[in-house]
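Working from the sequences, and respecting the hints, build out all of it.
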Amino acid sequence: MSTYVLMRILESAPRRYELGIRLLTLGRLEKTYDRLANHIERGQQVLDLGCGMGALTLHAAERGAKVKGIDINAQMLEIAGQRVREAGLMETVDLVEMGVAELDGEEAQHYDAVMSGLCFSELSEDELTYTLKEVTRILQPGGLLLIADEIKPQGLVKRLIHSLIRVPLAALTYVITQQTTHPTSNLSERVTDAGLSIVSAHLSPLGSFGEFVAQKPAGASS
Amino acid sequence: MKHLKFFLITVVQTLLRVLPFPCKTGLAKIGNPGRNAPVLLTGNFRLTVERVRRALEGIDAYLLVANSGGVNVWCAATGGHLTNHDVVSVLKTSGIENLVNHRQVILPQLAATGIEGKIIHKKTGWKVVWGPVYATSIPRFLSRGLEKTVEMRTVSFSWPQRLEMAVAWAFPISVLSLLVFPFWREGVLPLVGFVWGWAFLIFLSFPLYQERIGTTGTGKNIGFIFFNFGERGLLLFLWVLFMLSLVGYTTLAGDFSWALAFRWGLSSLIVVLILGLDLTGSTPVHKSGLHEDRLLSIALYAERCEGASFCEQVCPTDVFEVDYDRQLASLCRAEQCVQCGACIVQCPFDALYFRSLMGDVVAPDTVRRFKLNLLGNRKVASRPAGTE
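Chain order of the listed sequences is A and B. In this text, residue positions in the first sequence follow our numbering: the first is 8, and each later residue adds one. In this text, residue positions in the second sequence follow our numbering: the first is 108, and each later residue adds one.
For the record, the hints were derived by calculation from the structure and aren't laboratory data. Predicted, not measured: the structure shown is a model, and the values here were computed from it. All C-beta atoms in this analysis are idealised placements derived from N, C-alpha and C, irrespective of residue type, glycine included. Misleading hints may appear alongside valid ones.
[Claimed, not checked] Dumping the calculated DSBU-like pairs for lysine-lysine here, alpha-carbon to alpha-carbon at most 35 Å:
#1 Lys131/B <-> Lys159/A
#2 Lys136/B <-> Lys140/A
#3 Lys140/A <-> Lys234/B
#4 Lys131/B <-> Lys165/A
#5 Lys229/B <-> Lys140/A
#6 Lys73/A <-> Lys229/B
#7 Lys159/A <-> Lys136/B
#8 Lys38/A <-> Lys131/B
#9 Lys230/B <-> Lys73/A
[What the hints assert, rightly or not] Simulated restraints, written as ranges between beta carbons of each label pair:
#10 Phe456/B <-> His209/A: 49 to 59 Å
#11 Val174/A <-> Lys131/B: 12 to 22 Å
#12 Glu164/B <-> Arg42/A: 50 to 60 Å
#13 Val354/B <-> Leu171/A: 52 to 62 Å
As structure tokens, this is what we get:
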């Protein structure tokens, strides 16, 4: 036998992934993460879904929160761990190799905030529905869900322009990293359906990248 | 219509076999499954899913499609694209838990190189049962009460599969051979013809010479791959025959020229070398001649073995015999091992391992954590976070 996956000759190295993601998001990620992390306060319990190499995790930890970062990619977690050590934040950051499907092991109403940077667009439909349900359960009443992700633009014209820009970009990204993402459609509706309310939403001019802050109603019990 | 679609998918994905073809993940109903219907799982390579569906026609069952990155189950599980995470995820997020009364999922046997039943059970409560190697055996596997015959758990390289491999290699190489167009216009078509002819020749006649090409790790194959004369010696001999007959023919026909002989010699040699690059690895029944794993052999710590027979159940080349009285497995047909590592990954006692020619040990934990990439290096794919 042999493992022939020629398109993946080059292993999915984390560094190349980062480059690819920068390409796909046209470099706007860093500012977005800054803005999202502004919602985090000292001493809060925070969960970072799909933390990857720890960009969002570090933002939150630097603001004094206790952060648990989860990801299924062990190579990325290793780099995240290295960055956490370099930043001297070992005490407040916990990195765990686990998928969103294991969120049912988390205690109910435990977190003040759940963050997701470019994680939802890597999930299947089923996984996203499941994740949003679990996030609602593990958030404290009044807790926040902070999202930065690729989304499908609304409206035919925007969609068309977006495809024109994205298709070559995605092709290039795939060649370099053998990675691609699947922009989520109706993300804000799906968040609302899960029982959270959207506090603020910022879309890129084309509506292809979104920053959302959603809140669990203060009176909610689960 | 259904048959036409199946036919088209088969053709396209055989021509482009080296590329991944992802399809939708999640839960699919086959027939009218009830609360006790069997639950089967496969990867999201489009062709695989279509074949499993076809094999299950007339059976009521649930089919879970896990994310394998659009890669076939064996390559994906061995290369780290179909992992425990993917199986856990589809079991827990697809809603299957609410649809059946039992907690037993049938996985393709070839996924045993990357999926650990123990971890799946711990994380989800589902018990993993290793199904047959080929989807076509699933109905018989179900009707036999989930018992496998030797044939159902063994890979083969029958003529339809050899045909598929010939096409899968010939197509991309003939696309590559279009590169000669600017230099040698009239040579393109004959060269493409040569590529297809050669591919069919070496794959269809495979049983005739396979006895002579075993890469049993005798050390003969070490070194730069082009000097691997174990198998390529035969191919080079055939190539010399081809060139001699070409020269003979053109001389008799009176249009021999050195330029022509040189062009044909070079281009056909390149085709022969590419197609012979990893002939054994292109078959499911031999180890790869390319990977460093070819220099390993499977070995047993007899004192750890308790005869649980996981190895026998997941081995695709029927290497093992288990003596149930003595509660001990033995490597009766070790020479058939293709180095997939499934037995090592599954052994609950860590009793199996790879041993190199120099006597180095590749421990079970390494085989579980490090997945095999194209070049045969075991790279990190899954290691507990926080460890160095």
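#### Entry: Unmet hints by their number, sorted upward, for this structure
none
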